[in-house]
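S.K.: Use these hints to put chain W onto chain U, whose structure you have.
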Amino acid sequence: MTLRLEAVSRLYQQGDQMIRALDDVNLELGEGEFVALAGPSGSGKTTLLNIAGGLDRPTQGMVWVDNQELTRMSRSRLAQLRLEEIGFVFQGHNLVPVLTAEENTEFILLLRGVPPGERRANVRAILKEVGLEGMENRKPAELSGGQQQRVAVARAIAAEPHLVLADEPTANLDSETAFALLDLMEKLNREHRTTFLFSTHDPRVMKRARRIIQLVDGRIEKDSPVVGAVLE
Amino acid sequence: MILRIAWRNLWRRTRRTLLTVSTVSLGLALLLISLGLGDGSHRQMIDSAVRMGVGHLVIQQTGYQEGAEIDRTLAPSQVIDAESWIEKQRSRFPIRDRLRRVFASGLASSADGSTGAQIIGIQPEGEMRASLFDEKLIQGRFLHKEGADQVVLGEGIARKLKLELGEKMVLMAQAAYTSEIQSKLVRVTGIIRTGLEQFDQMLVLMHLDTAQEFLGLGTSVHQVAIFLEDELLSEPLATVGKKELPELEVLHWGEALPELRDYIRVDDGGNYVFHVFIFLLIAFTVMNTLLMSVLERSREFALLDALGLAPGKRFAMVLVEGTLVALLSALAGGLLGYSGHLYLHVHGLPIDAFYSGDISAAGVTLDPVLYSDLSFNRIAGSVSLVMILTLLLALLPALRAARAGNVHLLGNV
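From first to last, the protein sequence lines stand for chains U and W.
Each residue of the first sequence is one higher than the one before, starting from 0 at the first, in numbering that gives the first Met the number 0.
Each residue of the second sequence is one higher than the one before, starting from 0 at the first, in numbering that gives the first Met the number 0.
This is chain U alone, in the form it adopts within the complex (with noise of 0.2 Å):
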């Protein structure tokens, strides 16, 4: 899945100001890329990652995922874009409170109407890999928040979706947790070609990417390829 901004502002009014929280970004990501994006805080990597989504609309500028312009359509079919095409990590782990862990990675297989089995066994997979084997059946109150980041980034690709959008994925993740979630992304994005696009202040993290794209007030500052870095 390719995914294009073109000429992507956004401003927000906070107060009497305007705050630009992106900038006639222009960007453009191939199917089966690999790709962080990265900058300080405030730098507008959350309001990218939501515009490229289809969960903010831009003040200016175009959205397209694939052949299709996001800015001009309807919540629903948004909706359905996002349950079919897209996968989510939020900065928050951002989890349905009164489902478990299991039911919780399920959600998007379940909407998508995925066979009971199918969507069982998947999801007992995803959730063995992400280290939470055992603990399917606790709620999001009952997981530390690292858990509850691998449940949310389980949920996240669990439905193979073919672009996702994570926020800070390995945010609150020991070390040997986020190189085991890196490593079920790069398989994903190996295996499935899925295009990945995460925003990350981890150095560590960034180092697994193939492009990196650095925000600075909400402007493309750079954008190049990772030296060294493994490209199929």
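Just so you know, these hints were derived from the structure itself, not from any lab.
A few of these clues could be false.
What the hints assert, rightly or not - Below, computed lysine to aspartate or glutamate pairings styled on DMTMM-like, alpha-carbon distance capped at 25 Å:
id: 1; chain 1: W; residue 1: K183; chain 2: W; residue 2: D70
id: 2; chain 1: W; residue 1: K312; chain 2: U; residue 2: E117
id: 3; chain 1: W; residue 1: K312; chain 2: U; residue 2: E68
M.R.: Just chain W now, with coordinates in the frame of chain U:
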């Protein structure tokens, strides 16, 4: 999944959900009990009115209802026609009794004075089966076969004329079909208290044959009263009667006693206002709970939106929550209300503690104990109404849930 999430959402704040369900249930229970007592008291009033004189239906000469003129009688052939029609209806309607009656206004005199009298000629054996006159006897005995000169007086008229059992009095009335005044010497065999003071001050009951002879009616009567096993069949039978006996006046109790019918309507109107208040209480409670529940989950709805749960499904989810609240409340409130009704149906609610003396309304004596009477239609109607109301009230919160999708609630900008 939507049902599962909705169900779990309800129990996220157990105390609040229980409080809401309790309020709606209590409202529904109160509604059912109020309806049961209202319907029960009306039915008791109708029964009392029917058995104290009118009957469930009356067949009389056209125009008799309007003026009650003594000449407007049912001719003997019409009485026979009316009675054979009634017999034919027995296969379709549970008819308990049919009774002939005559009525006249007159003057009653004793050695101590005179007063107006309402003379009613009745068939004592039939009245003892169907009406309440004999049960209201406080002195002496009811009319019996022997003794054409015997009368039963209302307590008030006996007191006015200072008459005791066995004493004589003179009745005077205009005879039918002539302008002559007839008089008759009669003897008091019993005194009754119907509880209706005005009625008791005028009531004179006598044998039908004696009254017919006294009033020069021959074998004509003013009315054939019909008593049914079920009051609710009065109107359907009257409808058949109006169609099949077009030359006669066939009236159900509501038409024969318009003041009672109107009283019940007004009383029902008052009850409906009370019920509206109950519904408003339910409405605010449900609306408050669902709206609060949706507002405090704004972040969660934004998340569901981000995960691809379409606005329609989020709308449905809140509606399902409303439906579950409605179902739980209907179940609990229905059971509670029905239990209350059963208790009041068997043991009744004594109202005599609040009043002294007899209580009457719209010319009918009220039973000192009110008994609940609740039909299936009333229960089904109330439960459905509460459910529909709850669902309607869930629409606004559901709409908010459908529109919720503020991405800023999910993380930093």
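S.K.: Each hint should be assessed against the structure and marked as holding or not.
M.R.: Each hint tested on the structure:
1. W:K183 with W:D70: holds (19 Å)
2. W:K312 with U:E117: At roughly 23 Å apart (the allowed maximum being 25 Å), E117 (chain U) and K312 (chain W) satisfy the hint.
3. W:K312 with U:E68: holds (24 Å)
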